[in-house]
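Chains as they are written, first to last, in our numbering: chain A, 1 to 245; chain B, 1001 to 1314.
Hint data in this document are derived by calculation from the structure and do not stem from the laboratory. Just so you know, these numbers come straight off a predicted model, no measurement behind them. Hints are not guaranteed to be accurate.
What the hints assert, rightly or not - Computed spacing ranges between beta-carbons, pair by pair: (1) A:Met110 with B:Thr1066: 52 to 62 Å; (2) A:Met110 with B:Thr1075: 30 to 40 Å; (3) A:Tyr141 with B:His1083: 33 to 43 Å; (4) A:Met117 with B:Ser1314: 37 to 47 Å; (5) A:Arg234 with B:Pro1103: 55 to 65 Å; (6) A:Glu136 with B:Val1134: 43 to 53 Å.
Claimed, not checked - With a Cα cut of at most 30 Å, we get these calculated DSS-like pairs of lysine-lysine: (7) B:Lys1122 with B:Lys1031; (8) B:Lys1180 with A:Lys220; (9) B:Lys1180 with A:Lys236; (10) B:Lys1031 with A:Lys222.
To be verified - Where chain B lies over chain A, by a calculated footprint (3+ residues, C-beta under 8 Å): (11) 113–122; (12) 181–194.
The C-beta atom is built at its ideal place from N, Cα and C for all residues, glycine as well.
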Amino acid sequence: MPSPVLQLTGLSKSYGHGDIFSGISFEVGSGKTIGLFGQSGSGKTTLGRCIMRIEEPSSGHILMQGQDLARMRPGKLRELRPSFQMIFQHPEVSLNPRMTLADSVAEPLMVHRGIGMEEALREIAPLIRRVGLRDEHLARYPHQLSGGEVQRAVLSRIFSLKPKIVVADEPTSMLDVSVQAQVLRLMQDLQKETGVSYVFISHDPDVMSVMCEETLWIEKGKGTLYDRFGFLERVKTQYSGAVPT
Amino acid sequence: MTLLSVQNLNVRFPTGEGTVHASRDVSFSMKSGEVLGLVGETGSGKSVIGQAIIRLLPTSASITGTIAFNGQELTTLQDDAMHALRGRSISLVPQNPSGSLDPLVRNGSQIGEIFIERGMEKKTAWEKACDLLVTVGLIPSDQIAKEYPHQLSGGMRQRLTTSIAIAENSHLIIADEPTKGLDYQARETTARVLSGIKTRDNASLLLITHDLYLAEHLCDWIAVLYAGEIVEVGPATQIFARPRHPYTQALMRAIPKNGLVPLEGQSPSLMAIPEGCCFADRCSCHSEVCKMIHPDLNQEPLIGGVRCHHPSCS
Ligand SMILES: Nc1ncnc2c1ncn2[C@@H]1O[C@H](COP(=O)(O)OP(=O)(O)O)[C@@H](O)[C@H]1O
Ligand SMILES: Nc1ncnc2c1ncn2[C@@H]1O[C@H](COP(=O)(O)OP(=O)(O)O)[C@@H](O)[C@H]1O
Ligand SMILES: [Mg+2]
Ligand SMILES: [Mg+2]
Chain A
1 MPSPVLQLTG
11 LSKSYGHGDI
21 FSGISFEVGS
31 GKTIGLFGQS
41 GSGKTTLGRC
51 IMRIEEPSSG
61 HILMQGQDLA
71 RMRPGKLREL
81 RPSFQMIFQH
91 PEVSLNPRMT
101 LADSVAEPLM
111 VHRGIGMEEA
121 LREIAPLIRR
131 VGLRDEHLAR
141 YPHQLSGGEV
151 QRAVLSRIFS
161 LKPKIVVADE
171 PTSMLDVSVQ
181 AQVLRLMQDL
191 QKETGVSYVF
201 ISHDPDVMSV
211 MCEETLWIEK
221 GKGTLYDRFG
231 FLERVKTQYS
241 GAVPT
Chain B
1001 MTLLSVQNLN
1011 VRFPTGEGTV
1021 HASRDVSFSM
1031 KSGEVLGLVG
1041 ETGSGKSVIG
1051 QAIIRLLPTS
1061 ASITGTIAFN
1071 GQELTTLQDD
1081 AMHALRGRSI
1091 SLVPQNPSGS
1101 LDPLVRNGSQ
1111 IGEIFIERGM
1121 EKKTAWEKAC
1131 DLLVTVGLIP
1141 SDQIAKEYPH
1151 QLSGGMRQRL
1161 TTSIAIAENS
1171 HLIIADEPTK
1181 GLDYQARETT
1191 ARVLSGIKTR
1201 DNASLLLITH
1211 DLYLAEHLCD
1221 WIAVLYAGEI
1231 VEVGPATQIF
1241 ARPRHPYTQA
1251 LMRAIPKNGL
1261 VPLEGQSPSL
1271 MAIPEGCCFA
1281 DRCSCHSEVC
1291 KMIHPDLNQE
1301 PLIGGVRCHH
1311 PSCS
C-alpha cells in the first residue's frame, strides 16, 4: 500500500488554559479528502494551522509524505514548503489588498522559483483560465472583486505551486450557494487533475458529505472518524427536529 | 390584513461611473403574522429593499414608488415620525451587526435599555435581557451580559442584534442575513428564535437571506431577486418543490444536497441592465424574444408569479 500523503498521530494542542484537542489521529491518501467538522470554537482552524506548521502542536506527530517536518533540516523544509498550502475562510483577507490580482497570483512562483513577473504570469496563464478568471480581472485589486473571484484567484495562486496537500478552511462559508457550487466543483476538478489531497474544514454537513470520503468530527477536544454514510447518520441523530418546520 | 405593501419600488445610486439601478420595480405585500423571504445572490438588491423600508439608505439614493406600512406611506413620512416607528413598530437586524451596537454599552444593557425605556425596573430589565441571551444561545448569559460587544465573536454579535430586535417587540422585523457565517448549531438556534416571531403577537418577518435552507424552513412566501428585480414569487413550498424561473431552478440545483450544480456566468452590471430578460445570457432555454422583450411578472393571488417568457422550461 502506498504511504499516506499526510498522517497525524496523537496530536494535541493546548494554550495554557487547557487542551483545545488531544489524541487526534488520521491519515489521508493521495487524491483523497478528509473533512474536519465541528461547532465553531471546536479547534478545526487550530488543527489546520498545526498541519500547516503555522502553529506548533503540543504533542504528537505529523508526517508529510512519510517525513516528520518537526525534525527536518531547515533547507529541506524550505524545499518541501510549497507542497502544502492553505485556503482561508474570509476571501477579503486571503489576498494582499495593496497588490493587483496579477501581482498576487504571480507572487508564489516568483518567490519559490526566483523568476520574473512576466515569466511567472506566462506560466500561470493556463491556470488562471482554468479557474475561470479573465485577463480583465488581473489589473484589479481585491476589493474590486467578488468573494468568489477572490477564492478562484487564491486557488490559482496555490495550485501554481503544484501542492500535494491543501488545507481548505471553510473556503465557501462566506459565498452564495451558486458561487459555492462553482468553487467546490472547481476544487473537485483540480483534485482529479492533479491528485492533490484536501483537508477540508466546514461546519455545513451537506457540503461535508459532498466533498469528503471521511470526516473527523471534533467534539470536546476529541476526534471521531466517520465514513460518508456514518457521518450523515450521526448528523441526523444529532440535529433532527432542531429546526421547526 | 396587509401590514406592508411595497409598490414599484425603484432605488438608484448615482456614482462616478454611472447610475446603479439597485432596486427595479419591486412590488410585494405582507400580511400580519406572515414570513416573507427575499432570496438571491450577493448584490441582487436584497439589503437595499430592507433599508428603503426602514429609511436607512444614504441621502444620495433616489427612490421612487410607494411603501405603505399599516396604511401609512413611509416614503414621505416626516423624519421624526419615521424615527418613532423605528425600533417600535419596525425593527431591523442589520447585515453588519457591529455597526448597530454601542461599543461602550454592556451586552446585557443593549437589550435591557429597551425594557427600561418602556418603564420596566432596572433589575427586572437586566434579568429579562439575560433570558433573551439564553434564547439566542448566548450562554453563560450572566457572564456575556456583563461583557462588551468587542468581546464577542462575529456570530455572537449577530445573535445579540437578533435578540435586540426580539426585545423591541415590533410588528415587523426585517432580518438581514441573520445566519451569515454561523455554524450549524447556531443557525438552528437562530432559526428557532426567528420562527418564534410569527407565533408571537401576529408579528411579521421580512427575512433577507441567501441561506436557502433557512428560507425553506421559515418562510410562508418567497420572492427571488435577480439583478435588482423580483424574478419569481410564490408560496415557499411551491418555490422549493416546483421552481418555475430558470434562475430559481439553477439556484435550487446549486444546493449541496440537490447536487451542487454550478450556475456559470455572472449577473449583469446594475449600471448596464440588458433590454430583454436579465437572465437570458445564462439561461439554457432562452430564445430570440428573451433578448429583446423584458418579461413581466404576472402575479396571481395565492400562486404568485414568474418573470419569464418560457417558465418551467428546464
Ligand atoms: N492564539 C490562541 N490563544 C488562545 N486560544 C486560542 C488561540 N487560537 C484559538 N484559540 C482557542 O482555541 C479554540 C479553537 O479555536 P478554532 O481552532 O478557531 O476553532 P474553529 O476553527 O473550530 O472554530 C477556541 O476556543 C479559541 O478561543
Ligand atoms: N450606497 C450605494 N452606492 C452605490 N451602490 C450601492 C450602494 N448600496 C448598494 N449599492 C449597490 O446596489 C446593489 C445591491 O446591493 P445590496 O442590496 O446590498 O445587495 P444584497 O443585499 O442582495 O447583497 C449592489 O450592486 C451594490 O453594490
Ligand atoms: Mg475556524
Ligand atoms: Mg445584503
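Next on the checklist: How does the stretch 113–122 of chain A fare against chain B when you require at least three residues with a CB closer than 8 Å, holds or violated?
Outcome noted: Our answer is that it is violated, as 0 residues pass the Cβ test (under 8 Å) against chain B, missing three.
Checklist entry - Under the criterion that the straight-line Cα-Cα distance not exceed 30 Å, is the pair lysine 1031 (chain B), lysine 222 (chain A) satisfied? => result Roughly 48 Å separates the two Cα atoms, so the pair is violated.
Checklist entry - Is the hinted range of 33 to 43 Å satisfied by the C-beta distance from tyrosine 141 (chain A) to histidine 1083 (chain B)? => result holds, 38 Å
Checklist entry - Do the Cβ positions of arginine 234 (chain A) and proline 1103 (chain B) conform to the proposed distance bound of 55 to 65 Å? => result For proline 1103 (chain B) against arginine 234 (chain A), whose Cβ atoms are near 40 Å apart, the range 55 to 65 Å is violated.
Item to check | Hint check for threonine 1075 (chain B) and methionine 110 (chain A) - Cβ pair distance inside 30 to 40 Å | outcome: Between methionine 110 (chain A) and threonine 1075 (chain B), where Cβ atoms are some 55 Å apart, the hint is violated.
Checklist entry - lysine 1180 (chain B) and lysine 236 (chain A): Cα distance at most 30 Å? => result holds, 22 Å
Checklist entry - Is the hinted range of 52 to 62 Å satisfied by the C-beta distance from methionine 110 (chain A) to threonine 1066 (chain B)? => result holds, 57 Å
Checklist entry - Hey, lysine 1122 (chain B) versus lysine 1031 (chain B), does the alpha-carbon distance stay inside 30 Å? => result Roughly 35 Å separates the two Cα atoms, so the pair is violated.
Next on the checklist: Count the residues of the stretch 181–194 of chain A whose Cβ falls closer than 8 Å to any Cβ of chain B, and tell me whether that reaches three.
Outcome noted: That given contact holds, which follows from 4 residues of the stretch 181–194 of chain A lying within Cβ reach (below 8 Å) of chain B.
Next on the checklist: Within 37 to 47 Å: is that where the Cβ-Cβ distance between methionine 117 (chain A) and serine 1314 (chain B) falls?
Outcome noted: holds, 44 Å
Checklist entry - Is it true that glutamate 136 (chain A) and valine 1134 (chain B) lie within 43 to 53 Å of each other by Cβ? => result holds, 51 Å
Checklist entry - Does the structure keep lysine 1180 (chain B) and lysine 220 (chain A) at a Cα separation of 30 Å or less? => result Holds, at roughly 24 Å.
In summary, the structure is inconsistent with hints 2, 5, 7, 10, 11 from the numbered list given earlier, while agreeing with the others.
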